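S.K.: Chain residues, written in single-letter form:
There are 2 protein chains.
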Amino acid sequence: MPTLVDPGASRKEKSNAKKASVLKGVPERFLHPELSCSDSDPATVLDAPTSLLSSDELEITSLDAVQIVNAIARGTYTSVQVLDAFTHRACIAHRLLNCCLEFRYQDARAEAEPLDGYFQVTGKTKGPMHGLPISVKDQCRIIGTETTYGFMCQVGVRDTENCTLVNALMGAGAVIFVKTNLSIGCLWGETINNIIGHTSNPFNRSFSCGGSSGGEGALLGNEIVESVVGPMSHSPQSLELFTKSAVDSQPWLHDPKCHPIPWRGTEFTDIISGRPLRIGIMLWDGCVFPQPPIRRAIRELEVKLRHAGHEIIPWKLDHHERWNYWAFTSDARGDFDRTMAKSGEPDLGLSFRPNQRPLTILEAWELAMKRVDFQASVLEQWNETGTNNTHPLDAYISPVNPSVAPMHGNYKHIRYLGYTGTVNLLNFTACTVPVTFVKPDIDLTDQPNGCLDAAGNPIPPPASELDRNIRENYKPDRFEGLPVTVQIVGRRLEEKLLGIAQVIQKLLKA
Amino acid sequence: MPTLVDPGASRKEKSNAKKASVLKGVPERFLHPELSCSDSDPATVLDAPTSLLSSDELEITSLDAVQIVNAIARGTYTSVQVLDAFTHRACIAHRLLNCCLEFRYQDARAEAEPLDGYFQVTGKTKGPMHGLPISVKDQCRIIGTETTYGFMCQVGVRDTENCTLVNALMGAGAVIFVKTNLSIGCLWGETINNIIGHTSNPFNRSFSCGGSSGGEGALLGNEIVESVVGPMSHSPQSLELFTKSAVDSQPWLHDPKCHPIPWRGTEFTDIISGRPLRIGIMLWDGCVFPQPPIRRAIRELEVKLRHAGHEIIPWKLDHHERWNYWAFTSDARGDFDRTMAKSGEPDLGLSFRPNQRPLTILEAWELAMKRVDFQASVLEQWNETGTNNTHPLDAYISPVNPSVAPMHGNYKHIRYLGYTGTVNLLNFTACTVPVTFVKPDIDLTDQPNGCLDAAGNPIPPPASELDRNIRENYKPDRFEGLPVTVQIVGRRLEEKLLGIAQVIQKLLKA
Chain F
1 MPTLVDPGAS
11 RKEKSNAKKA
21 SVLKGVPERF
31 LHPELSCSDS
41 DPATVLDAPT
51 SLLSSDELEI
61 TSLDAVQIVN
71 AIARGTYTSV
81 QVLDAFTHRA
91 CIAHRLLNCC
101 LEFRYQDARA
111 EAEPLDGYFQ
121 VTGKTKGPMH
131 GLPISVKDQC
141 RIIGTETTYG
151 FMCQVGVRDT
161 ENCTLVNALM
171 GAGAVIFVKT
181 NLSIGCLWGE
191 TINNIIGHTS
201 NPFNRSFSCG
211 GSSGGEGALL
221 GNEIVESVVG
231 PMSHSPQSLE
241 LFTKSAVDSQ
251 PWLHDPKCHP
261 IPWRGTEFTD
271 IISGRPLRIG
281 IMLWDGCVFP
291 QPPIRRAIRE
301 LEVKLRHAGH
311 EIIPWKLDHH
321 ERWNYWAFTS
331 DARGDFDRTM
341 AKSGEPDLGL
351 SFRPNQRPLT
361 ILEAWELAMK
371 RVDFQASVLE
381 QWNETGTNNT
391 HPLDAYISPV
401 NPSVAPMHGN
411 YKHIRYLGYT
421 GTVNLLNFTA
431 CTVPVTFVKP
441 DIDLTDQPNG
451 CLDAAGNPIP
461 PPASELDRNI
471 RENYKPDRFE
481 GLPVTVQIVG
491 RRLEEKLLGI
501 AQVIQKLLKA
Chain U
1 MPTLVDPGAS
11 RKEKSNAKKA
21 SVLKGVPERF
31 LHPELSCSDS
41 DPATVLDAPT
51 SLLSSDELEI
61 TSLDAVQIVN
71 AIARGTYTSV
81 QVLDAFTHRA
91 CIAHRLLNCC
101 LEFRYQDARA
111 EAEPLDGYFQ
121 VTGKTKGPMH
131 GLPISVKDQC
141 RIIGTETTYG
151 FMCQVGVRDT
161 ENCTLVNALM
171 GAGAVIFVKT
181 NLSIGCLWGE
191 TINNIIGHTS
201 NPFNRSFSCG
211 GSSGGEGALL
221 GNEIVESVVG
231 PMSHSPQSLE
241 LFTKSAVDSQ
251 PWLHDPKCHP
261 IPWRGTEFTD
271 IISGRPLRIG
281 IMLWDGCVFP
291 QPPIRRAIRE
301 LEVKLRHAGH
311 EIIPWKLDHH
321 ERWNYWAFTS
331 DARGDFDRTM
341 AKSGEPDLGL
351 SFRPNQRPLT
361 ILEAWELAMK
371 RVDFQASVLE
381 QWNETGTNNT
391 HPLDAYISPV
401 NPSVAPMHGN
411 YKHIRYLGYT
421 GTVNLLNFTA
431 CTVPVTFVKP
441 DIDLTDQPNG
451 CLDAAGNPIP
461 PPASELDRNI
471 RENYKPDRFE
481 GLPVTVQIVG
491 RRLEEKLLGI
501 AQVIQKLLKA
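One line per chain: the protein sequences are F and U, in this order.
Following full-length UniProt numbering, the numbering of the first sequence begins with 1 at its first residue and continues without gaps.
Following full-length UniProt numbering, the numbering of the second sequence begins with 1 at its first residue and continues without gaps.
It is possible that some hints are incorrect.
Any copy, or any two copies together, can satisfy a pair, since identical chains are not distinguished.
Claimed, not checked - Derived lysine-lysine pairs resembling DSS-like cross-links, with alpha carbons at most 27 Å apart:
| hint | residue 1 | residue 2 |
| --- | --- | --- |
| 1 | 509 | 126 |
| 2 | 24 | 12 |
| 3 | 124 | 12 |
| 4 | 370 | 257 |
Since the hints were made in silico from the structure, they are not lab data.
Since the model is a prediction, treat every value here as computed from it, not as a measurement.
So here's chain F without its partners, still in its complex pose (with noise of 0.2 Å):
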């Protein structure tokens, strides 16, 4: 049931509206009014679904998405139970962390129904993702949703097609239920808009769950990803049926910037099968110090990948301003204000604003053609690790981001895009995949001017203002519990990386 704001509303009332219209249509029993959103309390509310959910609720939003297609597959659950199990955990995240825009429970109910029916009568599915619930960020289509990006003037403007993204999840027999929450225009690195606020991080609501897509993240509850386009899932086997899915939909039969690249099941094979991996290990970049415990992580899971018999490689790239190069940057951030402008909608303090004039055409291509000599010499550089006996590199493990996360508000202080912004730059493929958690005790603060840290490893000196800041931001006790993530990179459009997602989840539970 699409939300109800007159598009004629001031900026205000749109808010107002919206923050309303949220959960409208939602059953009155997942509504839980009691709970209520936090910025500041540091306690986690990961467990509040416990005593809120019923054993069968907690039991299917436990299940990764394969298990949960194979359960409905076998009778075990219905698409509508599993729907209503899932709608009622995340108004519940919702209520606590402020995280989704619009949930759609009638329409996702009146496409569910039918699901069952059909298996009622035939005893089959419908597509390999018959009755999986899946929340999507707020910038894919869906008939009848607002289709926001984050910014005001979208609110009230309803979708009247579906992306293809959407389209490929229903045809594959998905369920959309909810529309999450996501910063102004995708482009900053806390999850936080003029339309309803910001979303904050269940394992300690005083810190952001980070961005653009922290609304998603929110409502899973244990991860921070920054992505540009992709799945979030608990489990890489719920990727791989994601990323297998919308392949075999053949995607670019509709949409122009699809390549026409099927699922190559082979590739993905030889990686969990277990043959020995080529994994690079990029610590840092020489321009940002990641904090302790993200490079705990790293030498926890290089520690790990050695001992699994797979090789490690010393790995670094140059990412000294490289992700200056990012488009976003080159129009002076007209598109972005132009945008805001429509709604007269405030700033709320993005320093994004790059201190120059929009590039010129011939500028941004001379910009375009150093992306691409930028490209090919990191490609060369990958190349190089191979031999004629060896194959070249098979990922990469680097930080996401030096900093384990923000706290509401201290995004600005820290923000530093080496990490994801190359990679976006490369247009390579990546996967985050969370490690550990911060442990007050062995994640120490560094020295000032030590030149070891807390576990004996070598520290090099501040490389500038923003790195010795992100240091000086790291807060042990703060910081208690948060999950520390890395990411895996791999070349263009490499489905492997999702195998090698998977092997890597194998050594961190074994």
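Since chain F is already given, all that's left is putting chain U on it; use the hints.
M.R.: The following block gives chain U in isolation, referenced to the frame of chain F:
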């Protein structure tokens, strides 16, 4: 052996030195100084090689790429013999047509000899193109050669590395023996520049060979192709060998602009297995009506396709001003002008300067969005030709250009990019095939206000001044004997198009 042009020389000196150096290093017996260029003699020069080549050379140069590779692999000819035969023939073509910018005979010979040595010792060939002579347009970098793109300022600048394509071809065993002429900046439909002047059409030297790849076209002597990047050959089987070898070399490991898509053999086999194809026919685009021989070529091909059991579907794309989205207009020719200014070379009256200022980045982005919308709408139009029981179009056939060919200097009056530019805009796959020749007794001039043409088919009234000019430009007697081509167009990155070209070539030969 590279040319020897002093980079500090004056423009005129450079041009003269370059002209004098084109054939440098080529054995004297291939030079034929008695032959000379013309840009007004209408007589065909296609038969010139017959009296100048040995019977072995004629035999070798009549083979297609697959036959050459097989003949070398059987030991019928050596790589050096084949190189010499093609060099000899290309020298004759250059003397008559001015189609080459740089022979690299000595280097090519030094590459061919070890191939023969390897074959003699092992009885095996090195790669799928072992000993195959290939010419490349002068936009492909080869160590030691100049790569001009048609710009004077590039004369005297030697390449220090090969481009990815050249590495792929050499890696497959090909011997690149000559670099062919092209228009300034590859942006004009006649092959003309300030370096060596213009290239003539071997069917009738008062005509241009087209462009921008005209040097290639003149060297082959049987087709007029306006290509962006792609192979040209007499036989579709050779195109298949080229494309498959290029794909199998995995160019995406080195070139960030190549997509990691393996050769999809099953899609190709599916086409040449003989199944009925579904072919769209677009006789014209509603903007510029093609000249009579081109309409006849399309109608004749349509009849042959129907008789062979293939299905014909009416097809029309809206070309109206679509090609104005082309990026090369978006900087108001700034990049082009800047490169020409480096050497101070004159403009040559290539009149594609748009009357506009360069676009801003935001305007360029809006244009890019419009382009994506257009691409998406064409994909949907394409999908709609299929139903539950039938797959959609395999390809469509349309004119390449509404004009048969431009006379020298005449191109600016008949310049219309709708048919080819739209294919570029869509990033679609296209293959141009020669269908027939201009026959003045059948291909009569259209009556200016007639509603039927000489064959009794309806003629629409001129849609614009350009449409009228192009109709009036056709002169049956003057155009006699010129080849008439059409293009087959498939969606993005579809190698199956090469299979369709093979099917069509068989029909045309039957």
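S.K.: The structure should be examined with respect to each hint, and the outcome stated for every one.
M.R.: Tested hints:
Proximity of residue 509 and residue 126 under a CA criterion of 27 Å is satisfied in neither setting, with 33 Å inside one chain copy and 48 Å between copies. Only within a single protomer do residue 24 and residue 12 lie at most 27 Å apart by alpha-carbon distance; the minimum there is 19 Å, versus 77 Å between protomers. Taking the shortest Cα distances, residue 124 and residue 12 never come within 27 Å of each other, neither inside one copy (49 Å) nor across copies (78 Å). Taking identical chains as interchangeable, the C-alpha atoms of residue 370 and residue 257 lie at most 27 Å apart whether they share a chain (22 Å) or sit on different chains (13 Å).
This entry does not satisfy hints 1 and 3, going by the numbered hints stated previously.
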